[in-house]
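Enquirer: Residue strings, one per chain:
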Amino acid sequence: MTKSIAKPIKTPKEVEREFNLLRVLVGMAIALFIAFLIILLISKTPLAALESFIIGPLTTLRRIGNIVEAMTPLLFTGVAVCFIFSANQTNMAVEGGFLLGALGATIGATVFHLPPVLHPLVCMLLGGLFGAFACYVPAILYVKFNSKPVVSSLMMNYICMYIALGIINHVIRDPGAGFPASYTFDETAQLARILKGTHIHAGILIGLAVALFGYLYLYRSRRGYEIRMVGKNMNFAAYSGMPVNTVLMRSQLIGGFLAGMGGAVEVLGMYTRFQYQGLTGHGFDGILVGIIAGYNPAMVPLAALFLGYIRVGADVMSRMNDIPIELVSIIQSIIIVLVVAERFLYKLKHRKLVEVAHKELAREEVAAHE
Amino acid sequence: MNNNILSAILSAEFAYSVIRVTTPLLFCALAALVCNRGGVLNIAFEGCMLTAAFCGVVGSAYSQSLFVGLLAGLAGGIGIMMLMGYFNLILNANVVLTGIALNTFASGGTVFALYILCNDKGLSTSLQSLAFPTVNIPLIQDIPMLGKILSGHNVLTYVSFLFVFLVYLLIFKTPLGLRIRAVGENPNAASSVGINVTKTKFITLLIGGLIASLGGVYMSMGYLTWFGRDMVAGRGFIGIAAQNLGNAAPVPTFVAALFFGFANALSNVLQTQDIPSEAVQAIPYIATLIGLIAYSSSTRKKRLGRKVPRRRIADGL
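So the protein sequences, as listed, match chains A and B.
Under the numbering used here, the first residue of the first sequence is numbered 1, with each subsequent residue one higher.
Under the numbering used here, the first residue of the second sequence is numbered 1001, with each subsequent residue one higher.
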């Protein structure tokens, strides 16, 4: 008898959590499987293409560096999405916020002249504030005018794009660059490279710190609890005395700030001048990262690593073989729909839950007999 | 310079171009209207239109038949909407996130296929695709000013006007429209009187997908005569906003679409002037934000202790 008691039965909550993880993993596996199928069907050299997709990113130090470089901005936008979506706001202005953040950092890095460590910090702060502005507009439209953030944030993305391009092309454009780009950044503002032979820069460390901060804030602090509670049930949160509108605004401003910081870190670490020609897609990638991470910042680094890996793999493949890099978009979309589909693997989960309930009943019965 | 702009805006050519750029917005807005009435409003119209634009070009290029091109375009767009229905209605997935996924899929998938077919990631100009003809309306084209504005448009533009009327008939004058509205307003009540809610929602998505696909086909086979990467450029979202602004009623939605078309055409005109083009290109999107505020303040919904001053039909996004 003591044996069965020694092995604790899972609670339904644990089963739920386990299945969420399983759904993410199965979703990623199915998406990759479909990608492999597409490669096999379309490529003239399928095996070489598959090889460069799967193993390619690990073959040289530079490519490993590329993975880290690709995941760095996703850490910021991924955590930003965790904040915003935890409050159940589908504010997608993270995308525009990232670009505005890059603009803010550009202004900081070309207009101000400051000592080394202080300069990138000021640039990141400026970028963060710019990014917060992008998310502020849809947030305030919801709180004040009750206009849901879906369409307004999508519109905001385009507005951010034109703001950034307008300022770059007409105010701080370097006529000597030969293409539309800003003046070069002061060297004091650029982030230090931390590994020779790659472009890995200090941004990865800042990004990991942001993920840690996000986890502590959302899951280990009272304010984070407020955000998650408002996201789960706004009426309940209001009823228990939480300032719902303030919490909504706070979650989105923090998210926008982090997204903007990500844009700042990306341009300061990877480039010497602002040279984007449009939206970068980092915000929507951040949404995918957030979804895979289950809106938990602690999982964001893993999710970002995964996305960075398939990005670099697809890039290597598109350069060596005949499969375009857009394959990544197809993989991404399949993962999103499978992870957010509540009914996907539902039967398996249901069976598991019933099993747990049966065990629980059996144990109670045994206990009653004794 | 101001006189130049003013005379450019007051000309018949400008009014003509307003109608021309309104067409895809109107199609999308009407599709969003039907979906909103049926409780399945989503943001996948962008991907739906893009896929339709691509499939239309490819279908017409390979068959050299306009009709086959149209069918291919409709099939592609409706396919995206059916995927939306499958994931949202059957697998219970969040509607906005599914929409993001389908838009990503359409954006990447069309470029992927374009590269496979034409070895080009930007334009489909190497495909010999067909375009819908323009039509001169017999009597109207002879009226001095009006003729220039209303006649000589693409045939799909007139179809879009026709659809304002058709959608009105469908939603308010047919049994199917009644079922769609019943399901949209209260699925439980509709289900209790024997309406198959899921089936009705699928039909709604089908109709919405069909109308939006016409807009997509217009983009690549009328407005332009080729497919370009991400050529829908947010029109799918602006259509939803127009429908919000029109409170999911056909004629106000038509007016709202014209308003966004006006902003769009205005930005095209101003781009030729000495104004930073970025400021001008942002106009339609800023107008949409302002429109959303106007819509929301006129139909303020009860949220957390607020009063409900006015009747509200549609929820919006």
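These are computed hints drawn from the structure, not numbers from a lab.
The C-beta atom is built at its ideal place from N, Cα and C for all residues, glycine as well.
Misleading hints may appear alongside valid ones.
Stated by the list, open to error - To be clear about the criterion: a stretch of chain A counts as covered by chain B if any three or more of its residues have a C-beta under 8 Å from a C-beta of chain B, and this derived list gives those stretches:
| no. | segment |
| --- | --- |
| 1 | 321 to 335 |
| 2 | 340 to 347 |
Said to hold, decoys possible - With a cut-off of at most 25 Å between alpha-carbon atoms, the simulated DSS-like pairs for lysine-lysine come out as follows:
| no. | chain 1 | residue 1 | chain 2 | residue 2 |
| --- | --- | --- | --- | --- |
| 3 | B | Lys1199 | A | Lys347 |
| 4 | A | Lys44 | A | Lys232 |
| 5 | B | Lys1121 | A | Lys44 |
Enquirer: Confirm or reject each hint.
Expert: Each hint, compared with the structure:
Under a criterion of three residues with beta carbons nearer than 8 Å to beta carbons of chain B, the stated coverage of the segment 321 to 335 of chain A is upheld, 9 such residues being counted. Chain B is given as covering the segment 340 to 347 of chain A, and this holds because 5 residues of the stretch bring a CB closer than 8 Å to a CB of that chain, at least three being needed. Restraint check for Lys1199/B and Lys347/A: the C-alpha separation of about 22 Å stays at or below 25 Å, so the hint holds. With a C-alpha separation of about 49 Å, the suggested pair Lys44/A and Lys232/A falls outside the 25 Å cut-off, and the hint is violated.
A C-alpha spacing of about 19 Å is found between Lys1121/B and Lys44/A, which places the hinted pair at or below 25 Å, so the restraint holds.
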